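Let chain W serve as the given structure and place chain U on it in line with the hints.
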Amino acid sequence: MIHLPTRTTAFLFSALIAAAALHPTPATAHGVVGERFFPATIATDDPFAADELALPTITSFDHETDLDVDYSKTILPGFAIEVGIGHVDAKADGDPRQRGFGNLAVSPSLEVYRDPAHEFILTAGLGWEIGGTGSRRVAERSSTTTPTVKFGKGFGDLPDSVGFLRPLAVTGTAGYAIPGGGDEPRSIEWGGAIEYSLLYLQNNVRDEGFGDFVMHLTPVVEFSLSSPVGARGGGTTGTINPGLVWSGQDVQVAAEAVVPMNRNSGHGIGVMGQLHFYIDDLFPHSLGRPIFGGKR
Amino acid sequence: MNTRILLVGLAVACSAPAAFAHAFLQHADPGAGATLNAPPRRVALIFTEKLEPVFSGVAVIDASGHSVEAGTVVIGGNSIIAPLLPLGPGKYRVVWHAVSVDTHRTEGGYSFTVRR
Chain W
1 MIHLPTRTTA
11 FLFSALIAAA
21 ALHPTPATAH
31 GVVGERFFPA
41 TIATDDPFAA
51 DELALPTITS
61 FDHETDLDVD
71 YSKTILPGFA
81 IEVGIGHVDA
91 KADGDPRQRG
101 FGNLAVSPSL
111 EVYRDPAHEF
121 ILTAGLGWEI
131 GGTGSRRVAE
141 RSSTTTPTVK
151 FGKGFGDLPD
161 SVGFLRPLAV
171 TGTAGYAIPG
181 GGDEPRSIEW
191 GGAIEYSLLY
201 LQNNVRDEGF
211 GDFVMHLTPV
221 VEFSLSSPVG
231 ARGGGTTGTI
241 NPGLVWSGQD
251 VQVAAEAVVP
261 MNRNSGHGIG
271 VMGQLHFYID
281 DLFPHSLGRP
291 IFGGKR
Chain U
297 MNTRILLVGL
307 AVACSAPAAF
317 AHAFLQHADP
327 GAGATLNAPP
337 RRVALIFTEK
347 LEPVFSGVAV
357 IDASGHSVEA
367 GTVVIGGNSI
377 IAPLLPLGPG
387 KYRVVWHAVS
397 VDTHRTEGGY
407 SFTVRR
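First to last, the protein sequences are chains W and U. Note that the first sequence covers residues 1 to 296 in my numbering. Note that the second sequence covers residues 297 to 412 in my numbering.
It is worth saying that the hints were derived from the structure and are not from the lab. Check each hint, because a few of them may be wrong.
[Claimed, not checked] Cβ-to-Cβ under 8 Å is the rule here; a few derived chain W residues that face chain U:
id, residue
1, Asn204
2, Val205
3, Gln249
4, Asp250
Being a predicted model, the structure only gives us computed values, none of them experimental. We treat Cβ as the ideally placed atom computed from N, Cα and C, and that holds for glycine.
Here chain W stands alone, though its shape is the one from the complex:
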């Protein structure tokens, strides 16, 4: 049985749509705030409401391989709805192999504040994992609603005396997961990324003579954590993911290691990779612009 949205989920969903309609945002390039370009992060949500497709994201870690697809579509400038689904293939020691599709996830995001001069963006989002849409073997039967706040901040406004720090940027996300089922504890889902843009270094700080390929690289360290709320949940678990992102004109390729932050977070070191398409660049006059309010 597919679970219908709870009253809380429906209210939050409606509130985001109403706010988007009342708070129009000018059309901007994906991942750009002022002089800063933020590449799409792969382990955590970045703060941009954009037209993009992650196909696929592959994660192999702790006896499990996940293959995910996520498509984000702008409805209004600054307001997008992302739909994601993944396939899980897990084989823990001593347990039978479990394979199947996870639940469908629908996640609207609204950019609520942009400050181009300080390369800052703040976004409100809602994650809704729809219980019952995935395979019984690997997916929860109950839905989970996660109101989320996301931000991005580039440090291009630092003084020239510390110019080598100006290519730095951070993104962050914090959400409060509210499971619909009885036994699941609520939790804070949080994380972020620290990025050092070679493109920003080359074009805005100091021309180091990088070639075309190198200047589009961004070394990144992501962290993705979950902290259960209350006594039943146990401690914080999560992973730290160092890696590289290469951002081209209309496609991005990323690869990161997956390192558990403690014993409860998994064993061994995994890998994750993603191929990511900038739909607003590939199809700027059709699929890549907002359904309402975009420039033709």
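Same frame as chain W, now just chain U:
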């Protein structure tokens, strides 16, 4: 299986049709952070995409905020070229904005120094 899917994805990416992507700065002369023994006669900016001339531009200013461009800035194809007045020693800032044919705007800025 996952490797095969990744390879197919990469092939799709590499065969993606030419698109009207955002205009990012590809090359600048003088470059960001350059220290020059002789003053440049112009600033030349090369972008990754063709520009909309009406909505693109550049300003070059000295340390006191005065514009030091001489004559008309030429915007054509994927470049912006700004002729400069004779520059004295000091630090100068280049501030550009570019709108590519997909109508998305990008912007940037950097400094260069003319040595005494």
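Hints, one by one, checked against the model:
The criterion of a C-beta within 8 Å of any C-beta in chain U is met by asparagine 204 of chain W, whose closest approach is roughly 5 Å, and the hint holds. Given hint, valine 205 of chain W at the interface with chain U, holds; its Cβ is 6 Å from that chain's nearest Cβ, closer than 8 Å. Checking glutamine 249 of chain W against chain U by beta carbon gives a least distance of about 4 Å; that is within 8 Å, so the hint holds. The interface hint given for aspartate 250 of chain W is met, as the beta carbon of that residue sits about 5 Å from the closest beta carbon of chain U, less than 8 Å.
This entry satisfies every hint, going by the numbered hints stated previously.
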